[in-house]
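Q: Based on the provided sequences and hints, a complete structural model is requested.
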Amino acid sequence: MSETALRTVDVSCVFEVSQGFMKGTKPLRAVNGVSLNIPKGRVVGLVGESGCGKSTMANILLGLQKPTSGDVMSGDSLYYGQQTGYLDRKKIARRIQPIFQDPYSSLNPTKTIHSIVCLPLRIHNIGDPSKWDKKVYDILDLVGLPKRVAQSYPSQMSGGQRQRVAIARALIMKPEVVICDEPTSALDVSVQSQILNLLQDLRQELGLTYLLISHNLAVVEHMADRVAVMYLGRIVEEADANTLFDDPRHPYTKALLGSVLTPDPSLGVPDTHLGTVFPNPIDPPSGCSFHPRCSECMDICSKKAPKPSVEGGRMIECHRYQTNEAEVA
Amino acid sequence: MSGDNILEVQNLKVDIPVTAGMLHPVRGVSFTVARGETLCIVGESGCGKSLTSLALMGLLPKTAIRTADRMDFLGQDIRDFKERRMAALRGVKMAMIFQEPMTSLNPAYTIGNQLMEVYRRHISKNGSEARARAIFLLEKVGISAAASRLSQYPHQLSGGLRQRVMIAMSLMCGPDLIIADEPTTALDVTIQAQILHLLAELQDEFEMGMILITHDLGVVARVADQVQVMYAGTTVEEGPCQAVFDNPLHPYTAGLLRCIPVPGKAKRGSKLGSVPGIVPNLVGDLQGCMFRNRCAHASSICETLSGEPTRIDDGHAFTCRLTPEEAAKTAAVQGVA
Ligand SMILES: Nc1ncnc2c1ncn2[C@@H]1O[C@H](COP(=O)(O)OP(=O)(O)OP(=O)(O)O)[C@@H](O)[C@H]1O
Ligand SMILES: Nc1ncnc2c1ncn2[C@@H]1O[C@H](COP(=O)(O)OP(=O)(O)OP(=O)(O)O)[C@@H](O)[C@H]1O
Ligand SMILES: [Mg+2]
Ligand SMILES: [Mg+2]
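Protein chains in written order, with this note's numbering: chain G, 1 to 329; chain D, 1 to 337.
Hints were generated in silico from the structure; no laboratory data involved. Cβ atoms here follow ideal geometry from the backbone N, Cα and C, with glycine treated the same way. There's no promise every hint is true.
[What the hints assert, rightly or not] According to the in silico footprint, chain G covers these stretches of chain D (three or more CB under 8 Å from chain G):
| # | region |
| --- | --- |
| 1 | 74-88 |
| 2 | 139-150 |
| 3 | 156-167 |
| 4 | 192-204 |
| 5 | 282-288 |
A: Take a look at the structure:
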């Protein structure tokens with residue numbers, strides 16, 4: 001087992017959601033007791049449908065969102081704990097950097113590319129300012145942007161170029177971990193493939209660790225070593241990518257993988273066997289929160305939440321796969 | 001020409017005056033749609049897919065200029081239809097499903113009001129008949145407790161349910177043609193599969209023609225009968241779905257197919273193909289093949305290429321200086337690399 005770069009222990013995040021004027025608030029458990037391990041030098045994929053809590057997880061790991069309970073550790077040291085609070089935000093930023101989905105809104109339109117990429121060095125006052133220029137040009141070169149773009153503005157660049165700028169800005173800090181939240185979702189496929197290739201190259205060159213959040217399972221399958229599947233705030237299945245994609249077990253994972261439309265004209269549109277009852281995150285279903293849509297639902301599923309069971313490097317949370325056989329009956 | 005065609009379009013062009021000059025976002029596309037058939041128009045952002053569909057529906061921006069050698073819908077030449085006649089076609093015989101249902105559903109009215117309104121305006125004033133049709137269709141698109149949904153507002157539904165309501169709404173008057181512009185792009189993969197499955201079933205049942213616009217080659221492969229690959233306002237390749245995917249001939253089509261990670265095909269972590277470069281500016285006088293600045297096989301001929309497609313068989317055609325044999329060879333060679 002390789003060293004851990006970043007890990008969460010039983011992390012939850014509850015938002016108080018307003019129910020309208022004078023109606024008070026109700027809690028929404030965006031993340032509900034998640035323990036996730038991100039091994040050093042690996043790519044961990046995080047998948048699941050819209051609203052399941054992926055971005056909230058990303059924000060917690062980046063120190064941008066305070067969890068309601070649970071710990072976040074970097075290596076062996078606690079960097080967030082209920083007692084200690086967050087480590088200094090700046091310290092987190094030196095080790096963990098984000099690449100977000102939207103290359104259009106995540107770059108300041110009034111600043112030049114040079115200034116955008118250089119900003120982290122200035123904020124953290126890293127090294128000798130006379131060397132910053134060289135650092136900026138080196139990193140632009142690394143992400144495949146010509147020197148001349150340094151004086152351009154984001155509006156003068158294509159979507160793919162802007163995402164390269166976002167990557168350069170994340171990497172100039174020489175982070176250990178990069179949290180990529182839908183890094184190619186806003187891009188055309190011809191640009192997506194260039195960015196994915198670039199992320200692969202950089203990972204090998206710099207020994208980076210990625211958390212890759214994407215709703216595109218083909219992208220995750222291509223990039224990730226390990227994959228966690230989230231449903232309504234919980235990780236319901238987690239395994240090595242080979243294991244998970246070759247032999248998915250959780251009914252939700254199966255439905256998710258079954259929905260991937262590979263460009264194979266001899267196949268039609270698959271039937272997901274998923275119901276159309278969409279869960280309300282403020283008032284989640286009883287028992288297993290997936291049970292109303294599950295094609296393999298049993299009696300117990302609406303009554304009792306399944307416990308995680310771990311076997312041979314795979315975690316699964318489903319009554320059909322409880323290690324204690326007695327619980328299935 | 002087949003008597004089964006409900007739509008025939010020839011040499012459709014859209015021009016839009018902009019400050020820099022004249023923009024030519026759609027530059028002569030031609031296609032037909034037969035009853036029960038799905039035509040997919042695929043291409044990257046900005047290639048003119050949406051403007052093509054808006055041109056068909058008569059919904060182009062006011063400043064845009066539309067020309068065509070032919071635009072026959074159900075045997076009628078609709079090129080000179082005034083807005084009043086187009087409005088009577090739209091939503092009735094020719095229905096549209098947009099990407100984001102919230103832009104076409106009115107947040108201020110209930111689902112029921114919106115579903116019944118088109119029906120009462122165009123088919124019958126009878127309210128209970130309209131209501132029965134709305135409930136029938138909501139059930140058809142897989143919405144449970146349909147009757148009680150009629151009094152709900154769009155914002156009370158999830159994205160997947162709203163898209164189902166949009167589909168039900170487009171079917172209210174029994175259209176002959178459905179134009180769906182990225183109907184599942186904003187949805188989760190599981191819901192995308194459900195919606196596409198549903199569209200295919202309904203299309204079969206009601207024998208409608210469908211034009212499905214998407215940038216997703218996976219969607220195209222699974223639902224299309226016919227495919228049009230657009231690049232910079234023109235069709236660079238067209239043909240039956242199987243032929244285009246099995247034997248892509250235009251370097252752009254072949255290039256796009258190499259960009260997508262295909263589980264089982266591309267080794268995990270291996271290099272994906274790419275189409276370097278960016279789309280050209282479509283303002284002013286345009287000549288030759290618009291893909292040439294991104295094409296590995298470009299030569300000086302491409303600067304003046306006429307745009308006449310090379311036809312293979314079975315409607316499979318591509319617009320390129322390469323012969324079909326050369327094109328097939330280059331597509332295959334790069335496929336291995
Ligand atoms: N600041 C907030 N206040 C209240 N609720 C929030 C807040 N941020 C997120 N949520 C809710 O928490 C849940 C998880 O949201 P999150 O953005 O993490 O989902 P996601 O998995 O990233 O979805 P997507 O794929 O759409 O990006 C959602 O129900 C969302 O509405
Ligand atoms: N009202 C308008 N005025 C000027 N230019 C326009 C207008 N509408 C569209 N365009 C331009 O015409 C071109 C084609 O636009 P269109 O919306 O058809 O693209 P698309 O293929 O649907 O792309 P996407 O996949 O991003 O939806 C684009 O370059 C766009 O910027
Ligand atoms: Mg998100
Ligand atoms: Mg469009």
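Q: Residue count check for the region 139-150 of chain D against chain G: does it reach three with CB-CB under 8 Å?
A: holds (count 3)
Q: Residue count check for the region 74-88 of chain D against chain G: does it reach three with CB-CB under 8 Å?
A: violated (count 0)
Q: Taking beta carbons only, do three or more residues of the region 192-204 of chain D come closer than 8 Å to chain G?
A: holds (count 6)
Q: Quick one: see if chain G covers the region 282-288 of chain D, three-plus residues with Cβ-Cβ under 8 Å.
A: violated (count 0)
Q: Is the listed coverage of the region 156-167 of chain D by chain G valid when you require three or more residues with a beta carbon under 8 Å from a beta carbon of that chain?
A: Per the Cβ count (5), the hint holds.
In the structure shown, a violation is registered for the earlier hints numbered 1 and 5, in ascending order.
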